[in-house]
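Chains as they are written, first to last, in the working numbering: chain V, 1 to 356; chain Y, 1 to 257.
Treat the hints with care, since some could be wrong.
As the list claims (entries may be wrong) - Below, a sample of chain Y positions facing chain V; criterion: calculated Cβ distance under 7 Å:
| # | residue |
| --- | --- |
| 1 | Glu161 |
| 2 | Asp165 |
| 3 | Tyr167 |
| 4 | Val246 |
As the list claims (entries may be wrong) - Residues from chain Y that face chain V, not an exhaustive set, calculated with beta carbons under 7 Å:
| # | residue |
| --- | --- |
| 5 | Thr9 |
| 6 | Ala162 |
| 7 | Leu166 |
| 8 | Ala168 |
| 9 | Asn169 |
| 10 | Thr178 |
| 11 | Leu179 |
| 12 | Pro180 |
Hints were generated in silico from the structure; no laboratory data involved.
Just so we're clear, the structure is a prediction, and the values are computed from it rather than from any experiment.
For every residue, glycine included, the Cβ atom is placed at its ideal position computed from N, Cα and C.
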Amino acid sequence: MTNPQSAISVQSVSKSFGRGDSAIKVLQDVAVEIGTREFFTLLGPSGCGKTTLLRLIAGFEELDSGSILIDGERVDHLPPFRRPVNTVFQNYALFPHLSVAQNVAFALEMQSLSRAEVIRRAGEALEMVRMAAFANRKPSELSGGQQQRVALARALAPRPKVLLLDEPLSALDLKLRKQMQIELKQLQAEAGITFVFVTHDQEEALTLSDRIAVMQGGRILQLDTPRAIYERPSHRFVADFIGDINLLEGKVDGGAIQLDCGASVAGNFGHAPGDRVTVAIRPERARLAKSGEGSFAAEVMHSAYLGTATLLQLRLADGREFLLRETRIGEGAAPPEKGSRVSVHLPDSALQVFAA
Amino acid sequence: MNLRRLPFTREISLGVLVYLYVPVMVLIFYSFNANRTATVWSEASLDWYRKILVNPSIRDATWNSLVLATAAGLGSTLLALAAALGTKNRFRGLAVVEAILNAPLILPEVVVAVATLMLFVAIGIDMGLTAMIPAHIAFCIPFAYLPIRARLEGMNPSLEEAAQDLYANRFVTFRRVTLPLMWPGIMAGFTLAFVTSLDDFLTSFFLSGPGSTTLPVYIFSAIRAGITPEINAISTIMLIVSVALVVTSFLLGKIRR
Numbered sequence: 001m002t003n004p005q006s007a008i009s010v011q012s013v014s015k016s017f018g019r020g021d022s023a024i025k026v027l028q029d030v031a032v033e034i035g036t037r038e039f040f041t042l043l044g045p046s047g048c049g050k051t052t053l054l055r056l057i058a059g060f061e062e063l064d065s066g067s068i069l070i071d072g073e074r075v076d077h078l079p080p081f082r083r084p085v086n087t088v089f090q091n092y093a094l095f096p097h098l099s100v101a102q103n104v105a106f107a108l109e110m111q112s113l114s115r116a117e118v119i120r121r122a123g124e125a126l127e128m129v130r131m132a133a134f135a136n137r138k139p140s141e142l143s144g145g146q147q148q149r150v151a152l153a154r155a156l157a158p159r160p161k162v163l164l165l166d167e168p169l170s171a172l173d174l175k176l177r178k179q180m181q182i183e184l185k186q187l188q189a190e191a192g193i194t195f196v197f198v199t200h201d202q203e204e205a206l207t208l209s210d211r212i213a214v215m216q217g218g219r220i221l222q223l224d225t226p227r228a229i230y231e232r233p234s235h236r237f238v239a240d241f242i243g244d245i246n247l248l249e250g251k252v253d254g255g256a257i258q259l260d261c262g263a264s265v266a267g268n269f270g271h272a273p274g275d276r277v278t279v280a281i282r283p284e285r286a287r288l289a290k291s292g293e294g295s296f297a298a299e300v301m302h303s304a305y306l307g308t309a310t311l312l313q314l315r316l317a318d319g320r321e322f323l324l325r326e327t328r329i330g331e332g333a334a335p336p337e338k339g340s341r342v343s344v345h346l347p348d349s350a351l352q353v354f355a356a
Numbered sequence: 001m002n003l004r005r006l007p008f009t010r011e012i013s014l015g016v017l018v019y020l021y022v023p024v025m026v027l028i029f030y031s032f033n034a035n036r037t038a039t040v041w042s043e044a045s046l047d048w049y050r051k052i053l054v055n056p057s058i059r060d061a062t063w064n065s066l067v068l069a070t071a072a073g074l075g076s077t078l079l080a081l082a083a084a085l086g087t088k089n090r091f092r093g094l095a096v097v098e099a100i101l102n103a104p105l106i107l108p109e110v111v112v113a114v115a116t117l118m119l120f121v122a123i124g125i126d127m128g129l130t131a132m133i134p135a136h137i138a139f140c141i142p143f144a145y146l147p148i149r150a151r152l153e154g155m156n157p158s159l160e161e162a163a164q165d166l167y168a169n170r171f172v173t174f175r176r177v178t179l180p181l182m183w184p185g186i187m188a189g190f191t192l193a194f195v196t197s198l199d200d201f202l203t204s205f206f207l208s209g210p211g212s213t214t215l216p217v218y219i220f221s222a223i224r225a226g227i228t229p230e231i232n233a234i235s236t237i238m239l240i241v242s243v244a245l246v247v248t249s250f251l252l253g254k255i256r257r
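Build out the structure end to end from the sequences listed, making use of the hints.
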């Protein structure tokens, strides 16, 4: 079932570390098709297998079973130096004994291009990341952000079909990270190649990606666009991992869900009566309402004014916390004060219900 | 707590320095003594240095020592490099392998020297450089291994992966990335092995044959005829050569880093 449009095709790949009883299954029957020129992100907490999957594609690990194809060609038996992919490492892995220019020229020299061609293309790659002025420096003389750019130039210089990025921004401070995110996105558009990006930062994943695979425990839980993953998470784990969300425990009771906090939600969302379920709702989708049908009471614990919205930290009848992001306060209406009681309305369309 | 505030830190340090270096200083001082009796000062002179330069036995012994130390340094560094690369990845029994590699550091040298002598006699190897070189290579291995191993351990494993990722095969990766990064460790290992071999007495004494006397063995036999300032002069030169080598290799390592 090879998809001709796929830049990378990962087919039922499994990988364990260790042997016998102590073996740890890092990837379990993972399958994913990554499209040409796609910005594809592997997202998950540490230990979910995302880096292992990237290393399998690069060729640094051998898979136990399954196959990996790049541009329709099987590569899982090839050593890393025969695969048409390049990697940007988490710690950049710049060669400390070589200058910036020599680092960037490394792969070009391996491709046995003429000397003039090597110099020209290394120069172009450095130009692309605006590091041409630093060509003769040693990596140790550069700042973290500059090293990051050189690592990008080095990996892009040989014009790989796919660029693999292993948490490349995690070592940068927040401001620089935001700036590099924009640059990464522009670079990808300019270079016109497929990016496979590994991160544990859900915000980064949402900002950059065309599609995201959310991983946990060696499996892909959900694979979709950032918007679909945020708005329609398929698992409770995905809902909880991406963005802020309120998770309310409850039980299906006939045609409604009886929440532990005392409120109830109409409809059973496809779950059988008696089932324990979790109802999930984003803070910005819950509403302050006049008390009455479909709403429940809560006490304001804390109110933070954020400029574009007011974030309310509420306490429900069962003592649990509930976050509510209210954007309609203003125009004269003061936000509810700490200690005051409010009514919360949960619109049906904003709810996700998972089996508990 | 500030270590400098401890009582007598300065006095004790000075005492240890004196204890360590006064004998060497005295030796160097008397090598410039004109008097025939090594321990009685008369006047400053370079006579003894002139004498050892024209003494054919000393010249031969120096040549033998340098050949032996170079061969032992190169041989043990190559083997130590192979051992360090072979033990790069952790495996079961690594601790045992390392213990075996470093055994010459703790085994009594006299026992190993006697054992080597008996082995070489049994299998009919002539005493002399042919016997000394393999024996020196063997006991120099840990001195070469430890700095190389330390350097390799401090190396970021992603660097070799990066090279392979950038289309360098295993051989090119080794030549263009691993070897240059390990070079300071290799230089340090070679220097230590060289100096260790240069000043070895026991093994050389047991295994030397006619015409293969090394400097330490020569000094030992000369001293039995009485301490002369000549010996002070030779010792001073050996000391300077050893220190100069170690310092040079240290500085080279710093520059490359």
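With a cut-off of 7 Å, does the beta carbon of Leu179(Y) approach a beta carbon of chain V closely enough for the hint to hold?
Leu179(Y) check fails; min Cβ-Cβ to chain V is 10 Å, beyond 7 Å.
Using Cβ atoms only, decide whether Leu166(Y) comes closer than 7 Å to chain V, and label the hint accordingly.
Check passed: Cβ of Leu166(Y) comes within 4 Å of chain V, closer than 7 Å.
Does Thr178(Y) hold up as a contact with chain V if the rule is Cβ-Cβ below 7 Å?
For Thr178(Y), the interface hint is violated, since the closest Cβ of chain V sits about 11 Å away, which is over 7 Å.
Minimum Cβ distance from Asn169(Y) to chain V below 7 Å?
Asn169(Y) check passes; min Cβ-Cβ to chain V is 5 Å, inside 7 Å.
With 7 Å as the cut and Cβ atoms as the points, is Pro180(Y) at the interface with chain V?
holds (5 Å)
Under 7 Å is the threshold here; is the Cβ of Tyr167(Y) close enough to any Cβ of chain V for the hint to stand?
Holds, about 4 Å.
For the hint on Ala162(Y), just tell me whether its beta-carbon gets within less than 7 Å of chain V.
holds (4 Å)
Return the status of the interface hint for Asp165(Y): holds when the least beta-carbon distance to chain V is below 7 Å, violated otherwise.
For Asp165(Y), the interface hint holds, since the closest Cβ of chain V sits about 5 Å away, which is under 7 Å.
Regarding the hint that Thr9(Y) lies at the interface with chain V, is the smallest CB-CB distance below 7 Å?
Thr9(Y) check fails; min Cβ-Cβ to chain V is 36 Å, beyond 7 Å.
Report holds or violated for the interface hint on Glu161(Y), using the least CB-CB distance to chain V and a cut-off of 7 Å.
holds (5 Å)
How about Ala168(Y): closest beta carbon in chain V under 7 Å, or not?
holds (5 Å)
Under the criterion of a CB-CB separation shorter than 7 Å, is Val246(Y) in contact with chain V as hinted?
violated (23 Å)
Hints 4, 5, 10 and 11, counting from the list given before, are not met by this structure.
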